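Participant: Residue numbers (the working numbering), protein chains in the order written: chain A, 1 to 413; chain B, 1001 to 1495.
If you're looking for bench data, these hints aren't it; they were derived computationally from the structure. As the structure is a computational prediction, the values presented were derived from the model and not from experiment. Built from N, CA and C at the ideal position, the CB exists for glycine as well. Some hints here could point you the wrong way.
[Unchecked claim] A partial selection of chain A residues facing chain B, derived with a Cβ cut-off under 10 Å: (1) LEU193; (2) THR200; (3) CYS365; (4) LEU408; (5) TRP410.
[As the list claims (entries may be wrong)] To give a feel for the contact side, a few chain B residues facing chain A, derived at Cβ under 10 Å: (6) GLU1097; (7) PHE1171; (8) GLY1293; (9) SER1344; (10) PRO1345; (11) VAL1349; (12) VAL1353; (13) GLY1386.
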Amino acid sequence: MVTPAAGVGAVLRRAAGDGAVRPATARDRVAGVQPSWVVRPQAVEQVAAVVQAADARGWSVVPRGGGGGMAGGAAPSRCDLVLDLTGLDRVIEHVPGDLVVAVEAGVTLAALQDRLGPAGRQRLMLDAPPPPRGPAPTLGGLVAAAAAGPRRHRYGTPRDLLLGARFVLADGTVARTGGRVVKNVAGYDLCKLLVGSRGTLAVVVELTLKLHPAPAAAAMVTVERVAAPDLVPLVALVRRSPAVVTAAEALWPERSVLLRVEGPPRVAAGEAALLARAVGGRVLAPEAGERGWSRCLRRPWAGRGAVVAVAVAPGRVGELAACAEALACPAALRIGLGVGLVRTADDPTALDRLRDAVEAMGGCCDPQRVSPIGAERVASRPPAGALRLMAEVRRRFDPHGTLAPGRLAWGGP
Amino acid sequence: MGSRGGAVAPAVALPRDVAAALAAAVGSAWLLTDPTALHAYACDGLTGWRALPRAVVLPASTDETAAVVTILAAHGIPFVARGAGTGLSGGALPVAEGVVIGLARMRAILRVDLDDERVTAQPGVTNLAVSEAVAALGYRYAPDPSSRQVCTIGGNVAENSGGAHCLKLGFTTHHVVGATLVLADGQVVELGGTALDPAGYDLLGAVVGSEGTLGIVTEVVLRVIPLPPAVRTLVAAFEAIDAAGEAVSAIIAEGVTPAAMELMDRTALSAVEAAVHPGYPSGAAVLLVEVEGPDRRCAEEAEQVIACCRAAGATACRIAAGEGEAARYWRGRRAAFAAMGRISPHYYVQDGVIPRTRLAEVLQAIRRLEEEHGLRVANVFHAGDGNLHPLVCFDGTRPGEAERAEEVATRILDACLAVGGSLTGEHGIGRDKVCQVPKQFTVADQMAMHRLRTAFDPAGLCNPGKLLPTPRLCGEAPGIYRPHPTELRGVADRW
């Protein structure tokens, strides 16, 4: 660790400007590790200068967006500076006719949606994952964590929405990948690599994102008292039903399934009625529907304990529900996709049990809100061959291990 | 490295021990070294570039592919994987000092599991065969390149293939969830699988669209989706192509996302009408739109599309009365490239992307180029996602005309890039556009891509000369191997 000596501060201030540098406090800890400095640049060039200066001197840099993910996850092996990206908060360009927006990484999801709301009836189709009272998540942070909510069922994850990115490599190089068009196969798609890489390959500073027309209305259908083995047959009915379903969540232990239909008001209402009939459920009245939807969004973040993302083959989602039930873990399962969030006690025994059960189904666990020790415990590892290749990719992008070293719970370098 | 035109370099024979080892790995019947046999592999769909490989090897499994690559890597012999060879950018162009690894024998569909919505296939399976394998069960594989009857899944993965319906449903990258990859040193790695969200970096996402430069995919897990409950296919005719472009913008602004929106101009239409008689309403441009989904939503969207077309000045709008009529309309679009032979002895297929709001100005630029160079350009495009396919018509028997056509095609791409577009929307960089990469990507951008490539293939054996320019291919200008200024600054920096 770097001692917070005046010389270091001077280097950082030269790189990012006087007002951008401060000594770190206990609140800036990353998974329990105390950094020495926090730098909050206002421009891409300053980010590049800071990262380059750090890389040249062997200081490690942990990028930070809203900060919601900083308390948990694997502890960094070194953490000299926190690079706070919330100063990069400009919406660069929104072209409604192209359904594309370019933003700096520090723009929050909420700020972007506000900005899009009145102008063009468009939305970034990414549900903000709570914690409800936590800091507002930034788009850079959501991309780094590959975060998505229930509407992933229809709209995918940041992987499906990120068209292009500008990023700073550990050596200070500023580069772009992808573009500002929705269809593009020129060059490698480094966007895919950056999504979910948790700041370990590059510092993402600008994002170009694909938007969708904002649906005019939504209707919620619920199916109650669903037994775990009935989930897969239920999904089959949903898939065959004449409705455009944008979210399909099973909430456990309530054993209730909530389905969301979006579209023009009459269309959504009509399809919801058909869907309810097809799956043996009922359409919720608007207020009850809104309550149900907000329950989907909050669950299982509300409440204490570790939150773990799980993924299995979609056909095994019934087994996944049964497993959550057996372990007495509250869960929200995206039943059409075989993924979900499970909450469990943040202790080694409970986390081991969850990981073992999910891996026995051929699935994977990825810690979302877990203590540093628990995170490494619960995280599934890639197969050996793939892991070696990942280590090599990391080495090529960040040869000195400057960016967020140790932050990958899955055993990344 | 391959050459333009018909000249084919003579093959340099493989060292005898290498040939023997390859024959032992795949069986001697599947090692081709006879020059006559090799000629069939000298080019892909971009026939202007040709090179004769030293041999063609046809493995039948992942293990055989790994064995072949291990042998080649041990001898430092470069290799190029090949599917059906329908690519249009020279991605499967052989390396003259290398070997082609053909995947045509690996054409089994290994598993269909609809509870998982997955099909596991070998790379030589055709795109259409995947859809056909699940059609009776009410499912389809969404990406539908026009060559889907013959192009293979392995090639689709390499090129991140699109197709007319990717406007709503996404590209190959959105439908591949797992792959077995033979690396350039012969190691086999599993990336992803049946479940989503595998642990670790999304290397699979980087491999899709990597044009065969990161390894050879020998098994793929694909996502299949239910067939739509209803489909409406519409055609609208316009007196001017700009008006059709306005209709496209209006449809998007209306909040409708059709499954497909295809636009053809007068020149393309005359060829298509002569070739396959699709029976489009007559006009200077025809917009073909398909909406799909639940029946009532579909009907409503079709009405919105028609209203947008009429407001933009459509002279005729038709909804296909049945599957037969819809199929006829699609046949016209799918036959567009092949039909150009009716009106021009030769043509150059271009593939560029623009933000769809810039359509009018790019079309104007194309018209100016037509006039300046005295050549006709037929326009066929995936209008919904701004992917243009201008077809530059020329007569190769007239001296200089082929060069002028290429010049026009290149300048069309420049016009795409000038409005913030891309060099390619679905055909890939390949060999064709490798020297134009610096027009879209800075040296720093290329260096970042190069880092990925060297992580997978440090020896540079896997489809070399494609995707990223090198001084050897393109002269000094692109220069991606030169150290970046920040590297030079690394020691004596400013602080």
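Participant: Evaluate each hint against the coordinates.
Facilitator: Hints versus structure:
1. Nearest Cβ of chain B to the Cβ of LEU193/A: about 5 Å, under the 10 Å cut. The hint holds.
2. Interface hint at THR200/A: satisfied, since its Cβ lies 8 Å from the closest Cβ of chain B, which is below the 10 Å cut-off.
3. For CYS365/A, the suggested interface contact is upheld, since its CB lies about 8 Å from the closest CB of chain B, less than 10 Å.
4. Because the closest C-beta pair between LEU408/A and chain B is about 8 Å apart, less than 10 Å, the hint holds.
5. At a threshold of 10 Å, the smallest CB-CB gap from TRP410/A to chain B is about 4 Å, leaving the interface hint in force.
6. With 10 Å as the threshold, the beta carbon of GLU1097/B stays out of range of chain A, its nearest partner Cβ sitting at about 25 Å, so the hint is violated.
7. Restraint check, PHE1171/B versus chain A: the minimum CB separation of about 7 Å is within 10 Å; hint holds.
8. For GLY1293/B, the interface hint holds, the least distance from its beta-carbon to any beta-carbon of chain A being 6 Å, beneath 10 Å.
9. Nearest Cβ of chain A to the Cβ of SER1344/B: about 26 Å, over the 10 Å cut. The hint is violated.
10. A cut of 10 Å between beta carbons decides the hint on PRO1345/B: the least distance to chain A is about 29 Å, and the hint is violated.
11. A cut of 10 Å between beta carbons decides the hint on VAL1349/B: the least distance to chain A is about 15 Å, and the hint is violated.
12. Taking 10 Å as the C-beta contact cut-off toward chain A, the hint placing VAL1353/B at the interface holds, the least distance being around 5 Å.
13. For GLY1386/B, the interface hint holds, since its Cβ comes within 10 Å of a Cβ in chain A; the closest pair sits about 6 Å apart.
When held up to the earlier numbered hints, the structure conflicts with 6, 9, 10, 11 and fits the remainder.
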